[in-house]
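Asks: Given the coordinates of chain A, work out where chain B should sit on it, guided by the hints.
Protein chains: 2
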Amino acid sequence: MTTTVTAYAALERGGPIRPWSYEQRDARPHDVRFEVLFCGVCHTDLHSIGPWGQTYPLVPGHEMVGRVTEVGSDVTHFTVGDLVAVGPVVDSCRECPPCRAGLETMCQTIATSAYDAQDRHGDGVTRGGFAESVICDERFAYAVPDGLDPAAVAPLLCAGSTVYAPLRQWGAGPGRTVGIVGIGGLGHLGVKMARALGAHTVAFTTSAAKADDALALGAHEVVVSSDPEQMAAQANRFDLLLDTVPVVHPMTPLVLSLTTGGTLCSVGLPDTFDVAPFALTLGRRSLAGGGAGGTSENREMLEFCVQHGITADIELVGKDEINTALARLAANDVKYRFVVDLGA
Amino acid sequence: MTTTVTAYAALERGGPIRPWSYEQRDARPHDVRFEVLFCGVCHTDLHSIGPWGQTYPLVPGHEMVGRVTEVGSDVTHFTVGDLVAVGPVVDSCRECPPCRAGLETMCQTIATSAYDAQDRHGDGVTRGGFAESVICDERFAYAVPDGLDPAAVAPLLCAGSTVYAPLRQWGAGPGRTVGIVGIGGLGHLGVKMARALGAHTVAFTTSAAKADDALALGAHEVVVSSDPEQMAAQANRFDLLLDTVPVVHPMTPLVLSLTTGGTLCSVGLPDTFDVAPFALTLGRRSLAGGGAGGTSENREMLEFCVQHGITADIELVGKDEINTALARLAANDVKYRFVVDLGA
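Residue numbers (this note's numbering), protein chains in the order written: chain A, 1 to 344; chain B, 1001 to 1344.
This is chain A alone, in the form it adopts within the complex (with noise of 0.2 Å):
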């Protein structure tokens, strides 16, 4: 009884992008259905077709906008034809302190990923949003907000949930000076909603050239991290540094540029932090680790969205698509989001 569904999945690891079918679970009591219109391409999409796969064939995507087919029997939050968003995670415990706050990617049993994980009643693998249908718990599926264009709120759900939630756990605000660290799919939403927090927001950037853009984003001033003597002026000058870099880059730099008692939280997940701990020590400074919000994060990140006008800026790509736009963002080359069109 289970429905078949098209998907585009790395067949193997390393592999391209190719059409491929499988069969999806019926809906449980709290599941919901979608056809999925929209998905937006992360970074973490390569890392899993590449070195972190676990299972082949491998469906991408947790960047999800999409319209609900079906409704299981217990589903009280939507019905058929809602337009619904979903990210990186679709299940959890829901029992431990973090999933009973709402922060359900912070699950210590380990959150139920989009894709590539395995389904915690049994149902084998989760397949992610590279495909014609999606299932999972309404728990984990938020009402896309009218007002906004769904193709463009799809990377909120990874990418803006990633620096919303760090922004809000660390005070951005009003009176506060708060850098963004790279200025991608990431640090593109981080400009912008720093600044609609209301936070002074400096844009850090490697190149001279992407300044303009930073500024046109929200950026109050524009700083090149890769010029010293702009990095030594900014010295003991942010409450918050949001670091969006995903690769090994020094951080003692930017750790220095923090004020007494800041935060320097690292969203990219870079293999090590390059990080002398005098550079912490001086100032009694922190070094954290930040990723997607949780459900209680999430909605209220989509509300502010839609209070600001706030979404992604994207390139909308089709489906025969997918190869190139991987490869093009391994090589940086998008302003700034990917976001596949998955129902044209």
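Hints were generated in silico from the structure; no laboratory data involved. Treat the hints with caution; some may be incorrect.
[Said to hold, decoys possible] Computed, partial: chain B to chain A, Cβ under 10 Å:
| # | residue |
| --- | --- |
| 1 | Cys-1096 |
| 2 | Pro-1097 |
| 3 | Leu-1103 |
| 4 | Ala-1235 |
| 5 | Gly-1261 |
| 6 | Cys-1265 |
| 7 | Asp-1271 |
| 8 | Leu-1280 |
| 9 | Gly-1289 |
[Claimed, not checked] Not close to chain A: a few residues of chain B, all C-beta gaps over 12 Å, as computed:
| # | residue |
| --- | --- |
| 10 | His-1121 |
| 11 | Asp-1212 |
| 12 | Glu-1229 |
| 13 | Tyr-1336 |
Backbone N, C-alpha and C fix where the C-beta goes; we use that ideal spot for every residue, glycine too.
Replies: Chain B only, in chain A's frame:
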């Protein structure tokens, strides 16, 4: 018009400590000069005699207790005969935000160390407490509280301050679970203070043989951190870990012991932080650095120590035993702090 002072100095990098004389400045208006009675032996002394030293001869020692012998014309807080204590910082800019907040150790122009630093007023190199006399600005001197053994107070000024400041900053108190990692000069005071602050206090030690000692210091529990099974059982448990280990050591199992949003504060200044970024990301955890507190924190700490009867557990040694004490400290052979009896 200077004063000739007998001190105990490393005459060259890595050299033994030998008697040596130097000319101490005349009192400036806010200076107090004091006869050193006791001076603790800190790991920093080992580093400074060794790789960190700048100017030789170098007089170490920055956990000092002494009796005031002279006060400058504008001194208001001390008179001749008072017992005073001085720690690792003896001057700062006094104008930057942390200085104005009484957090002078985090002075944004770099605080002046008790020894081997350039005096801010052109009076040469600062000299430490392994000496018959020391002079410094009264702002950085503290009244030794009545009712505590002055010899055992000396280590509070660095070891005690270095653990008290982060325990307070990250909210160690009732309802919080706090781990103290490494039960040495700093850690033994960390256990006493965390317990007295009301936190559920857990000592982490690599050596099962130290368990009884840690319980005697006040720990509610002891975890043998070299035992993977015991470490795995700590997952997601601690609001704060205060890590006093001065050498590079695996921090990932410690970070995984933090609860969601928890902080590991390293005060041991290892050369690098051996930590996997994912461990921070997974629970939005923080890795902080910390050092000795500023004057406002130290005053509070001394009050707190009087209220709770806290001093260091020391081994008192003579002036002719400084080299032996340094060698034993380098070998971790001390319970828990050497103090040199300079007044004897």
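Asks: Each hint: holds or not?
Replies: Do the hints match the structure? See the list:
| no. | hint | verdict |
| --- | --- | --- |
| 1 | Cys-1096 | 8 Å, holds |
| 2 | Pro-1097 | 7 Å, holds |
| 3 | Leu-1103 | 6 Å, holds |
| 4 | Ala-1235 | 7 Å, holds |
| 5 | Gly-1261 | 8 Å, holds |
| 6 | Cys-1265 | 8 Å, holds |
| 7 | Asp-1271 | 7 Å, holds |
| 8 | Leu-1280 | 3 Å, holds |
| 9 | Gly-1289 | 3 Å, holds |
| 10 | His-1121 | 23 Å, holds |
| 11 | Asp-1212 | 32 Å, holds |
| 12 | Glu-1229 | 18 Å, holds |
| 13 | Tyr-1336 | 22 Å, holds |
Of the numbered hints stated above, none is contradicted by the structure.
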